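> Protein chains in written order, with my numbering: chain A, 1 to 489; chain B, 490 to 795; chain C, 796 to 1090.
The hints are simulated quantities; they were obtained by calculation from the structure and are not laboratory data. Among these hints, one or two may not hold up.
What the hints assert, rightly or not - Some chain B residues flagged as far from chain C (calculated, every beta-carbon gap over 10 angstroms):
1. 511
2. 512
3. 560
Stated by the list, open to error - Stretch by stretch, here's where chain A covers chain C in the computed footprint (C-beta under 8 angstroms, at least three residues):
4. 834 to 847
5. 922 to 934
6. 1030 to 1044
7. 1049 to 1061
In this text the structure is predicted, and so the values were computed from the model without any measurement. All C-beta atoms in this analysis are idealised placements derived from N, C-alpha and C, irrespective of residue type, glycine included.
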Amino acid sequence: MAKKTKPLRFDTDWKYDPAPESASAAKINEQYDLFMDGRWQKPLSGKYFETINPANEKTLSRVADASEKDVDRAVRSARQAYEKVWKKMAPAERGKYIFRIARMMQEKARELAIIETLEGGKPIRESRDFDVPTAAQHFFYYAGWADKLNYAFPNKKTAPLGVAAQIIPWNFPLLMAAWKIAPALATGNTVVLKPAETTSLTALKLAEIIQEADLPPGVVNIITGAGKTGAAMVNHPDVNKIAFTGSTEVGKIIQRSIAGTNKRSTLELGGKAANIVFEDAAIDQAVEGVVNGIFFNQGHVCCAGSRLYLQESIAKEFIQKLKDRVATLIVGDPMDKNTDIGAINSKNQLDTILKYIQIGKKEGSAIYQPACSLPKKGFWCPPTLFTDVAQSNRIVQEEIFGPVLAILTFRTDDEVIEKANNTPYGLSAGVWTDKGSRIFNMTRRLRAGVVWANTFNKFDAASPFGGYKESGFGREGGLHGLTPYLEIL
Amino acid sequence: MKRSSPAQISPDFRRTRVVDQTGIEERAARFTKRSIKQSSKLQALYQVLNMIDLTTLEGKDTDQKVRQLCYKARHPHDELSGIPTVAAICVYPNFVRVAKKSLEGSGIKVASVATAFPSGQSTRAIKLADTRLAVSEGADEVDMVISRGKFHAGEYAFVFDEIAAIKEACGKARLKVILETGELGSFDKVRRASDIAMHAGADFIKTSTGKIQPAATMPVTLVMLEAIRDFYYQTGKQVGMKPAGGISKSKLALHYLVMLRETLGQDWMSNEWFRFGASSLANDVLMQIRKEKTGQYQSAAYFSVD
Amino acid sequence: MPSKTNSTRLSVLKTYKLYIGGQFPRTESGRYYVVNDGSGNPLANACLSSRKDLRDAVSAARVAFGGWSGRTAYNRGQILYRMAEVLESRQPEMTRELQQSGSSTAQAKKEITACIETLIHYAGWCDKYQQLFSTVNPVASSHYNFSVPEPMGVVGIVSSSENALLGLVQVMCAAIAGGNTCVILANTESPLASISFAEVLATSDLPGGVVNILTGKVPELLPWMAGHMDVNAILCDPSTAIARAGLEQTATSNLKRVITLKKEDILSPYRILDLQEIKTTWHPIENIAPSGAAY
């Protein structure tokens, strides 16, 4: 930067007026029961819990708290549907049901997006342009596989596993439901799915769609509850498959509890992705990729690029650009179409993020947060950059799951590969360089299941996703996403 | 501003920063997701109108046509009060005098294309003479074209020197350098041409002549805005931006304004540093302003064509 | 112990050591156990490996991983083929080794032949399984996207309790053909052929550390292997009578993949796939020419 050059000013005279999406375009019931055997059934526990909008802490609805006995009912219904209907059905017919679900999701896209944003806190732009369309794409993609499984595995025959218990997180509620349900159904399994307790509503809305699509009763059961419900699902003796997306900590508990059983499992767990920028990169696009890498969905993304490695020769310039870009991010009402960073999903998660920001400060790193006025009610965290960070800092080692980026520097290819791989996780990584041969060297040597080169945080139904090391195992998406739901004979 | 000699300041243009197409297009698309409503929309429409270089660059242009255009520039739509004028009108050098006279006292600038516009296929001497003519006729601004052939041949020093020479011939007139991005073929080359133009002394860089398709697009403009940003941080010098051709709807113009706001910020948010080169955009903006004020959707029949 | 094989000359007894990092060290613990022949008579002393030997073996495997996984697939195939060549040339000696452990001549010959055939089968897979299991994924954006199998890393292996040598060759091939390195716990009862086989490995261009073989008591070593934070996966031969629940629980320490070998389908690229991760790579495609729309 030339001396005496004033930084760019983004507090412009011209500002955007609020552009809120209308909540009235979505219908949310006052109370939801459990969706089992194709019907809405009251929980045997008789208990319900409230779900709130994290942007204003107002109650949105009450959802059933499934007990162990309710879990048993759901699994029985899934088992019966599997034995009597689903595994006997012609694969092409199975596929048609899944296509039908995809289409109905597209029809109801706006309503789904609104509910996703109201309950999850993510910007309406993201739920509208990413979550919902990608969820529908997953159903559409896997629908087509249902009658083509014999082509997927050369020289092999396949068989479904049976009943799949699926437990999903709160960061992409509808999309994760799609990632789980679509391949399970296409491969001939039946499902008991539990959304996270803070984000049940779009999964329940999906249950309504499934009902409307006339899917045979019991093929998909959607039950709500917290960790106890999930544990009952994992430990149910008649479950053949566990599919879990969530923290590494819970993933290990699940793995321990099914040890020695014949239950198969897929785990999509935590991450601490390195995003590496070389001096020859397309810098402005790299800045954008880094911003999307860490601030997409408030950083509540297991594959978020939370460790930024900058080649020293460009570090200063890059950080300036990053600050300029962050200054234009709009934090606030998730329902506003212009919001870039919405509400943190829960009080709990906000506390965790704030704890790590304190740790970062204590560790001596320099913090940058743009000036932004945050709403009084609700859970908020401005985009946060930490510079002067060391590899051994906790904010580099541990998953924060929030809009917090740790920025480090490096000098050589070997050095950065070593630092990037220096983590128990291995979910994703990013590399930015204009040199083709370096891209292939880097993408090969980075120990991670998804590597984005000159892009970041891209997802597609046709693209396998999943981790190395403590980020879990099994793949979701693409042809490889069929394997975890099949016996390959 | 005192200028160092090119040899001292110009970087190796073979090694200009690269641009990733997919990335730049994604970023450009993101600006279009901003929803501009209510008073911010009205404010932006006024801003857009005030940034327009109302343009006529046709073989069939006449004095009379230019005078009509100048009247439109001063009085975009008298039915509505408080409407700003456009920034400038843009004509061939031989119409500068007519335009200048018609716009006297309005504060509206007269821009003239020069340098064997639009192809730029002529000698340095003729291009300089063309420029001097425009300036001596009273042009406030000169819109030159770069030698795309020489640029593609890798003769960056030639392109650089030509721009520097034209800049000198401009005297006090501000120089807009047209890259004709539709002939450059890649974003990398747009970036390179932007750097050459700015280092050689451009006051503005401009996408297109309007004679070649594609003309201005959001991604191309973004590449140039980012080049301006880098140049500013490197040298402290502000350079203006003018997308030209293909921007005829208010909605698109608002997307550009969002892009400007979020790329360069407050200091570029005026017609001193940003222009739309357009012939039909003004009327669409006027229709939108009227719609905002009346709440009714408008018909082109109620707005004078020029 | 066999003292004399003929009356005129005192035979030289073979010392069976461990195979770690391409070397043949004794166990650091100094412990040994007696291995019996087929009729229950003492045959030789074998090393009773300790957890420190295991630690050393894992370190050696980790060091070797970068080089082995980074080699060209063609080169790995040639090395596996070389192993088959060397084993073929040592058939008589290895047959005798198996006979000592109680196999009949016919059984021993059959087993050695099967070992050679397995090596050759997997030598051929080294540069082919990738083509079967890779995909180019048609994503709905301007990106080139592909998925390829990559080795998991260091694999801990519990080898077979029947047909000890063949069992070892099978699990080893599944691991190393795909670029993994491994630490093999040899069959406790008949470990001698495994160590002699290590001599085949040592003379087959196989880089040190790619395969490490420990003898001793599997139940004693396995918990350490399952808990080791630098072991990425555990492959068990189904014939071994190990308590899976305990193993799988310990293995969660670093989320090891625990895989039971599908013996009924042993000559198969799917056995290589069992020990592979799938990596998906994305890259933007510059797409100006065909559409021209955006530019």
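> Against each hint, give a clear statement of whether it holds in the structure.
Hints, verified against the model:
no.: 1; hint: 511; in the structure: violated, 3 angstroms
no.: 2; hint: 512; in the structure: violated, 6 angstroms
no.: 3; hint: 560; in the structure: holds, 37 angstroms
no.: 4; hint: 834 to 847; in the structure: violated (count 0)
no.: 5; hint: 922 to 934; in the structure: holds (count 5)
no.: 6; hint: 1030 to 1044; in the structure: holds (count 7)
no.: 7; hint: 1049 to 1061; in the structure: holds (count 3)
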